[in-house]
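Participant: Read off the chains here:
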Amino acid sequence: MADDFIYRGRCWHFDDNVAIDGDIMPLHFAIARETDPEVLRHHVMDGLDREFPSKVAPGDIIVAGKRFAQGNPHIQGLIGIAGLGLGLVVESIPRGSFRNAINCAVPILPACPGVAGEAAGGDELEVDFRAGTFRNLSRGIEIAYPPLNAALLTIIENGGWMPTLRKRLAGAA
Amino acid sequence: MAQTAAEKILSRVLGADVAAGDIVFPEPELITVHDWYVVNFAAALDELGVEELFAPEKMVLVTDHEPTAVSPQAAERQKQVREIAARFGIDNHFDVGRGGHGHVFPVELGFVRPGMFVAGYDTHVPNYGAVGALGIAMLTEISEVLACGSAWLRVPETVRIELTGRMAPGISIRDVAQRLIADFDADQIDYTVVEFAGPALADIDLDARFTLCNTPIDLGAKSALVEPDDAVLAYLSDRVEGDLNPAYSDDDALFRWRGGYDVNLLEPQVAAPPRPDNVVGVSEVAGTAVHHGFVGSCASSLLSDIRDTAAILANRVIHPRVRLFVTPGTQEIWRRAADEGLLQTLVDAGAILTAPGCGPCAGGRVAPLASGEVSINTGTRNDPGRLGPNDADIYLASPLTVAASAVAGEIVDPRELLAGD
Chain A
1 MADDFIYRGR CWHFDDNVAI DGDIMPLHFA IARETDPEVL RHHVMDGLDR
51 EFPSKVAPGD IIVAGKRFAQ GNPHIQGLIG IAGLGLGLVV ESIPRGSFRN
101 AINCAVPILP ACPGVAGEAA GGDELEVDFR AGTFRNLSRG IEIAYPPLNA
151 ALLTIIENGG WMPTLRKRLA GAA
Chain B
1001 MAQTAAEKIL SRVLGADVAA GDIVFPEPEL ITVHDWYVVN FAAALDELGV
1051 EELFAPEKMV LVTDHEPTAV SPQAAERQKQ VREIAARFGI DNHFDVGRGG
1101 HGHVFPVELG FVRPGMFVAG YDTHVPNYGA VGALGIAMLT EISEVLACGS
1151 AWLRVPETVR IELTGRMAPG ISIRDVAQRL IADFDADQID YTVVEFAGPA
1201 LADIDLDARF TLCNTPIDLG AKSALVEPDD AVLAYLSDRV EGDLNPAYSD
1251 DDALFRWRGG YDVNLLEPQV AAPPRPDNVV GVSEVAGTAV HHGFVGSCAS
1301 SLLSDIRDTA AILANRVIHP RVRLFVTPGT QEIWRRAADE GLLQTLVDAG
1351 AILTAPGCGP CAGGRVAPLA SGEVSINTGT RNDPGRLGPN DADIYLASPL
1401 TVAASAVAGE IVDPRELLAG D
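Residue numbers (our numbering), protein chains in the order written: chain A, 1 to 173; chain B, 1001 to 1421.
I should point out that these hints are in silico values taken from the structure, not numbers from a laboratory.
Just to be clear, a hint being listed does not mean it is correct.
Label-pair restraints from in silico Cβ distances [what the hints assert, rightly or not]:
#, chain 1, residue 1, chain 2, residue 2, range
1, B, Ala-1234, A, Asp-15, 50 to 58 angstroms
2, A, Arg-166, B, Asn-1264, 51 to 59 angstroms
3, A, Gly-47, B, Asp-1187, 16 to 24 angstroms
4, B, Asp-1203, A, Asp-16, 32 to 40 angstroms
5, B, Glu-1416, A, Asn-17, 35 to 43 angstroms
For glycine and all other residues, C-beta sits at the position ideal for the given N, C-alpha and C.
The following block holds chain A by itself, in its conformation from the complex (with noise of 0.2 angstroms):
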């Protein structure tokens, strides 16, 4: 089970402040409450890269530096990065979008001081989200950041926010 958290993939690397709306999708999918990942997987990060979802792979990381995700917190984009297998790396995500991330079931380190400087797009990375590991290869380098919550990888674990309600509700039944 542990090692459903440990991703290894290339490394796509944004600066600060991506905006959830605009930079990592369109407005129009949260306007219109488009929540299928099936839609929304082939327009991620569509204000910055057209090509970003043929090119990566299930098990990639996104690398990200302060604020990533930042702006009114529709859950849109995170949705979409949940559809492509993508696991993210941050130096900060503001709440609205690291609930959205939790609860979209996106492994995620939130707080990673620095970590956009020790990676660059296309190196060779493994991340242990649950243990707060992160290496890269290329580099050579391994540094440790704080890891989820349990309960909060529990959610993940269990495939989101709504999975883990069920089975709360099932339980309390």
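The hints should help you fit chain B onto chain A, whose structure is shown.
Facilitator: Below, chain B alone, put in the same frame as chain A:
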């Protein structure tokens, strides 16, 4: 263990000591849900097969975003809300004309106690920090709270801001609240509870504390609260049943940071488009022609806001180019404003009163802008499209500045009008 007020409140609710960063499942002691979100949660519960609420007695349903239904859909939605309240046994349903703004009237009616943990389906629920309660917005997960009693929460860090100095005449709390979120960096307050303390609070009454707690959320704070003082506790003691249990941070609690802030601003402050923290001194935007004004919203619809508006409008008329809407926050505020003769002053000046609640700020459902128009108002946000068309500009300011600008037909420093009184 030294704790912040927020840590104490959540520790009491959970029955165990918690510290910032912990992931917990605290049960809110009061849950507010607004307008059509009621319809949304009922649909979500239906999908989950949930037929009974965990604690219907803790719930308050309010109709404040669109109290005066202006579309057939809104009338249908209000009907559905009434049916949902009956079906789930929610007695505290404040229908149109019964309460008013859901971020204000629950305090007036004694639902909110100092030191209480409140969840609400609306971003501005931190308003309850005005009386020292911890109000936290729960959006998608509100249906989990309703079905199971709680949803996950990261215990927030606190930043403590000691307010010093005095506000000069013509400067009001809205100026301070706006300037303050512009002076701090989003990274400094993201995910935190912003706690206000300090000697300046002696001049900042309960009405003003709503305004103070309202703005930090728009810079990314999780909540805000003001340390309740004797005046606030005395106000509540007549309204709240049982003991008041205010929570105060220990002096040696672990804060993310603590700092001072001088409320003695040099001039009134205006948030220019397109964000609430894009704040400049009024002199930088003075002379901008306006077509629309509005005093109201959860930030600025208290009795003192109506008094400030009336002080400017007394014996004056609104500029022919301008339409000015005033939305008293609650039924009680409306009645008290009427008792003081304020409403007559507003109407005589040519202002239009709208039903207690959010007023135009709730997406411009009432009194929207037309393409290319300019509004100056006391709403919470000024994003393009907030009051209708994307190409209309919205400036946010204090009730004094809004009323003065409505008289002048352009943005002005209200001290120019107050000086002539």
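Participant: Flag every earlier hint the structure violates by its number, smallest first.
Facilitator: Violated hints: none at all, because every hint is consistent with the structure.
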